[in-house]
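Chemist: Just need the whole structure built from these sequences, with the hints factored in.
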Amino acid sequence: MTVTDAAPLSAAGNPIGFGRMLRKEDARFLRGQGNYLDDIQLPGMLHGAILRSPHAHARIISIDTSAAEAHPKVKAVITGAMLEGLKLAWMPTLSQDVQAVLATDKVRFHGQEVAFVVAEDRYSARDALELIVVEYEPLRPVVDARRALEPGAPVIRTDIEGKQDNHIFDWEAGDREATDEVFRRAEVVVAQDMLYPRVHPAPMETCGSIASMDRVTGQLTAWSTTQAPHAHRTLYALVAGIPEHKVRIISPDIGGGFGNKVGIYPGYVLAVVGSIVTGHPVKWVEDRSENLMSTSFARDYHMHGEIAATKSGKILGLRVKVLADHGAFNGTAQPTKFPAGFFHIFPGSYDLEAAHCEVTGVYTNKAPGGVAYACSFRVTEAVYLVERMVEVLADELKMDPADVRRQNLLRPEQFPYMNKTGWEYDSGDYGKTLEVALDKAGYDDLRRRQAEGRARWRAAGGTPEHPEVGGEHLMGIGISFFTEGVGAGPKKHMDILGLGMADGCELRVHPTGKAQLRLSVQTQGQGHETTFAQIVAHELGIPPEDIEVIHGDTDNTPFGLGTYGSRSTPVSGAAAAVVSRRIRDKARIVAAAALECSTDDLEWELGRWKVKGDPEKGKTIQEIAMLAHGTLELPEGVEGHLDASVVYDPPNLTYPYGAYICVVDLDPGTGQIKVDRFIAVDDCGPRINPMIVEGQVHGGLADGVGMALMEVIAFDESGNHLGGSFMDYLLPTSLECPSWELGETVTPSPHHPLGVKGVGESATVGSPPAVVNAVVDALEPFGVRHADMPLTPAQVWLAMRGRPLRTDLAVS
Amino acid sequence: MQVTMRVNGEEVSRDVEPRLLLVHFVRERLGLTGTHWGCDTSNCGTCVLWMDGEPVKSCTVLAAMADGRDIRTVEGLEKGTQLDPVQEGFMREHGLQCGFCTPGMMMTARWLLDHNPDPSEHEIREAISGQICRCTGYENIVRAIRWAAEHPAKEEVAS
Ligand code: FES
Ligand code: FES
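Protein chains in written order, with the working numbering: chain W, 45 to 856; chain U, 87 to 245.
Note that these hints are calculated values from the structure, not bench results.
Here a beta-carbon is modelled for each residue, glycine too, at the ideal position from N, C-alpha and C.
Watch out, some of these pointers could steer you wrong.
Looking from chain W toward chain U, a few residues come up when the C-beta cut is under 10 angstroms (computed) [said to hold, decoys possible]: (1) Gly78; (2) Ile298; (3) Met735.
Which residues of chain U face chain W? A partial, calculated answer using Cβ under 8 angstroms [to be verified]: (4) Thr119; (5) Thr132; (6) Cys184; (7) Phe186; (8) Pro189.
Modeler: This is the structure in structure tokens:
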């Protein structure tokens with residue numbers, strides 16, 4: 045059976061394989077029976093709360109906890125000084141830096157953890173925070189990343205011996221000389237500065253952890269909102285020195301992750317310390333302000349792009365310089381060898397001659413993080429860069445941006461394609477996908493209507509000086525074409541803190557033919573319990589309702605690095621297919637023994653080994669399962685039962701791609717942008733469950749609209765965080781989102797056992813440039829070439845007047 | 087202080103601190119954890135339940151204010167083993183992913199359909215606009231509510 049054939053239906057009406065299937069996990073969520081972190085109550089459980097810094101940069105002179113300790117319901121108050129005694133004041137980050145669990149010497153960002161209170165209930169814990177007196181000596185903060193390396197800038201990381209500046213790393217990719225050479229001979233060179241502002245994943249469930257340390261057995265059980273339970277187990281062992289076999293991490297239902305729940309936060313460690321100190325389980329759940337102010341932000345990339353081309357629009361080269369704001373601790377979560385993540389996929393989907401990028405990472409007095417919010421390890425920033433640069437070029441050449449892309453997209457015969465920065469794209473038919481999107485949008489008609497609208501506006505007297513005329517609005521059309529590299533990753537290239545990025549998977553087929561699949565990855569809403577059952581069904585013919593997917597508990601699942609970077613289907617999905625195939629091979633041996641024939645005499649049809657030429661004779665997978673556990677004599681060396689396990693090390697990344705078109709309406713009187721239409725054509729290979737894939741795309745598109753138009757974490761000159769609640773950090777609601785128009789093309793990955801490529805982040809990566817390109821296009825009558833996100837009414841209004849803002853800093 | 091209220095048809099009575107929020111009361115004192123909490127500023131709507139037949143954000147209501155009132159939570163949507171059409175619609179149209187916003191969304195949806203059995207797409211979007219979903223991009227939530235509008239429960243048709 046090929047993956048495109050419709051799968052047969054099970055008795056319960058589910059596809060035995062790929063196809064639309066309602067989700068198995070929904071039954072509990074619909075009834076309010078999900079089991080999220082904060083739903084868990086343990087006997088004797090205490091509650092923790094964190095006191096946070098009101099300053100961005102200050103020396104700690106003294107901390108007086110006596111009044112808090114005297115509170116009748118307080119069980120413990122923990123400070124950085126106490127943690128120093130336990131050697132727990134600092135913890136390693138995922139980027140070979142350290143981060144303060146509780147501040148000792150200085151606070152380095154607004155919202156940093158200073159003290160931890162453990163009390164009988166959550167309200168008392170919060171009350172006691174107000175009783176702690178901390179004396180600070182404020183220091184000059186570094187708020188603007190562009191000034192972090194200036195001589196005389198305050199040094200943030202005085203804890204690092206000999207550190208004299210705020211520099212973290214310099215990194216480059218591509219061929220500098222070849223790129224410079226291309227730029228020297230190019231007929232056209234255009235440059236553009238742009239900021240991908242700091243944003244936050246803000247899942248609806250905030251982060252939290254419950255730690256329970258058994259003093260007698262030395263066993264630590266931690267329930268945590270984590271996308272990567274196994275990585276957390278190893279890190280707990282390394283951070284807290286608890287032997288790894290005594291650490292069990294349970295990741296219950298997760299209320300959205302988007303990268304926010306990859307790392308270990310000080311609160312998690314503090315819950316462990318609280319449990320050790322009090323002998324009780326300790327729950328810590330952050331509030332929304334803590335979530336927005338202290339946990340992993342995303343982006344904060346200041347980019348300078350240059351594009352070289354011929355006069356007719358053939359792109360020759362791209363040159364990029366990035367200043368990366370990593371906050372006070374280098375805590376990004378990405379493969380170790382890549383300090384800028386996969387940013388060097390910035391040549392994008394285009395056939396160009398040379399490319400080069402340089403990235404410099406700096407410390408600032410802001411929260412740590414950097415890789416989060418469904419970014420595919422900074423492919424988001426890369427796609428934004430290249431898709432804006434293509435538009436800037438089209439603007440310079442007065443060409444239709446669709447034509448510039450048509451001329452430059454990689455052609456199908458170029459795949460597998462080694463790009464100019466070292467990525468081998470697996471497969472693609474980009475031109476086709478672009479045309480499907482343009483068709484679906486009715487592109488030519490849109491352009492015609494846009495021209496008519498502009499003419500009406502001008503006729504009514506519309507000019508940049510008098511934009512508001514008779515209620516005439518202006519249309520903007522934006523295209524983006526993205527290629528992602530996901531499914532990190534091949535062990536030979538990728539690790540996190542030395543841990544290879546391969547995924548384990550175990551499949552047990554029970555005697556009655558029902559199965560359990562154990563995964564190392566962890567769902568946060570992506571529907572793994574359904575999709576992975578469908579993978580096994582596809583490979584073995586066991587109905588998906590007979591397959592239980594088990595995940596989120598390190599004691600009951602094999603090791604693997606977790607779910608982020610759209611890696612679940614590319615890596616763990618492959619593992620599930622391979623482990624199923626192992627079972628299928630074993631089943632063949634069992635069937636041959638039972639049928640008293642050679643394995644060569646058997647052929648597979650979904651769910652059954654049958655005798656070639658005698659199709660009546662055969663054994664179903666369920667019959668084989670019983671036989672495998674029974675008394676049947678198996679060939680020498682073949683063990684009984686029907687279980688298997690694998691570790692899947694992907695040979696390459698997978699490269700999903702897509703063409704997106706956004707149509708916006710600009711009210712020139714107010715600068716208000718409304719997204720009228722959004723067309724998204726994705727190619728993620730075959731779709732295991734098209735319903736789930738579409739849901740993933742919908743969610744990512746809303747993310748994109750939010751980032752492009754609304755979301756930003758900005759700071760004032762003192763380093764105060766200005767986005768600490770949903771009143772200030774604006775997320776898209778049902779009214780900002782249009783009804784999404786989706787399409788698809790299918791180009792399987794040649795190296796993935798199922799051909800699938802992953803889709804979780806495609807839309808988050810691909811949509812922001814489409815929205816921004818549309819807004820800038822709407823602003824064409826005003827001569828605007830670029831304005832930074834978020835394109836709020838104020839920002840658009842200023843852009844119309846030729847003075848768009850720096851959105852990362854507050855204007856006073 | 088003592089508060090007494092009807093919750094999903096059953097009378098409950100508890101001794102509470104006057105400052106206890108209704109969301110914490112139903113979650114922690116009654117164990118009805120289907121109602122969620124997601125923000126400090128009354129913006130997210132994951133905490134929506136009904137008080138005297140009206141959706142309220144239970145993070146902005148004190149348990150004390152619910153004294154003597156009638157509360158309905160997501161746990162009270164199902165009738166016996168019969169899912170409410172809204173629940174059915176969310177399942178059929180993939181209106182939920184992580185499920186965290188879902189109870190609040192469904193409580194608003196049920197209220198909308200009780201008052202407007204045939205809402206337009208825009209009316210649905212208006213109704214849920216005070217609630218945030220980070221996963222679905224709202225598309226399938228809208229479809230789920232339309233599905234429920236098109237498949238009313240039998241007794242609703244009868245009445
Ligand atoms: S918890 Fe966010 S509105 Fe109530
Ligand atoms: S389903 Fe996750 S927030 Fe709505």
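Chemist: Check the structure against each numbered hint from earlier and tell me which ones fail, lowest number first.
Modeler: none
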